[in-house]
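Counting from 1, one number per residue, gives the positions in the sequence shown under the UniProt record's numbering.
Keep in mind that the hints were calculated from the coordinates and are not lab data. Hints should not be assumed to be uniformly reliable.
Derived Cβ-Cβ restraints for the label pairs, each shown as a range [what the hints assert, rightly or not]:
| hint | residue 1 | residue 2 | range |
| --- | --- | --- | --- |
| 1 | Arg8 | Val264 | 37 to 47 Å |
| 2 | Glu261 | Asp15 | 29 to 39 Å |
| 3 | Trp159 | Ala123 | 37 to 47 Å |
| 4 | Ala220 | Gly35 | 16 to 26 Å |
| 5 | Glu261 | Asp231 | 22 to 32 Å |
| 6 | Val264 | Gly218 | 31 to 41 Å |
| 7 | Gly249 | Ala136 | 27 to 37 Å |
| 8 | Pro95 | Ser59 | 40 to 50 Å |
| 9 | Gly218 | Pro239 | 17 to 27 Å |
| 10 | Glu279 | Pro46 | 36 to 46 Å |
| 11 | Pro4 | Pro57 | 19 to 29 Å |
| 12 | Pro95 | Pro262 | 35 to 45 Å |
Quick caveat, the model's predicted, so the values are computed rather than measured. Ideal Cβ positions, reconstructed from N, Cα and C, are used throughout, including at glycine.
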Amino acid sequence: MPVPEALRRLSQDPDFWTGQVTEVAELHISFPVVGGYSLTLDIDLPSGDRYLGLRRPASSEPVSLGWAPAEGPFPASLRWWELESCARVIALSDPLLPHPGLVVALLSPFAPAGEDDDPAEIAAVREAAYRSLRRAVPAAEPSGPEQTPLPLFADERWWPTPPVPSPQVLDEAAIAALSAPARARLQVRVGERFPHEDLSDLVRRTGAVLTLLSTQEGYAGTRPLAKRIADSGDLAGVPALLGALTEAGCDHPTVLDALSEPLVPLEACWMVETLAGAEPGTLLRHHV
1 MPVPEALRRL SQDPDFWTGQ VTEVAELHIS FPVVGGYSLT LDIDLPSGDR YLGLRRPASS
61 EPVSLGWAPA EGPFPASLRW WELESCARVI ALSDPLLPHP GLVVALLSPF APAGEDDDPA
121 EIAAVREAAY RSLRRAVPAA EPSGPEQTPL PLFADERWWP TPPVPSPQVL DEAAIAALSA
181 PARARLQVRV GERFPHEDLS DLVRRTGAVL TLLSTQEGYA GTRPLAKRIA DSGDLAGVPA
241 LLGALTEAGC DHPTVLDALS EPLVPLEACW MVETLAGAEP GTLLRHHV
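The whole structure should be built from the sequences, with the hints applied where relevant.
This is the structure in structure tokens:
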């Protein structure tokens, strides 16, 4: 199920990420994951309060995973690897998502680094998630003289090129602020009402989806190459992997976009790992 248009539009507005959107009062987001499970996020935009939930199969109302005010602290509702697994499956099911970045950017505040996680790796993935947010920009207006100027006035200082807006939604300062370590987390997974069994079932299903992808027709033949790239940490083989996928008839836009030029290492890593059937982070840690 594609990301709702309302969310896609808001995600391209820098004010949405800095909590300054005023034109919309509430935003209700549902990310279908697998097997009838969905992750839901409700944002009260005036206050910035966020509510994370899990909708179970054949259930209309989600069960709460946690609540947080605008500035935190956010509850430790998800483990990082659980979020990453879900985000990858969501991106693969939506051809308009070239990267799990949008899902990670929205939900990562609820997924702090655990004792077995590498904080630097998580910070790099979060930064890549915010950088993956793109928007369409208008074509550059023609600049320069209408006819060849006199040599004295031919210098580009006389005809400066007008600035071109960046397709990147957030500038580096905003990305650094959003990716900074969060305040102390609230531990909500120890509560009896936390849906441990349902969340575990969801994560098992996402793991199965990612494992099976590399064995499906159109992908299985490229798995050895993807595995060599993942094991070596060298992305030089990505163009060959892209060519092999194309020759095998792969036309999945999310898969192809992640491996196409201009290559963004952290965006390519998640796809190579998926195609290799490797654990998340196998290739990524070589580029952090």
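message: Run through the hints listed earlier and report the numbers of any the structure violates, in increasing order.
response: Hints 1, 6, 8, 12 not satisfied by this model.
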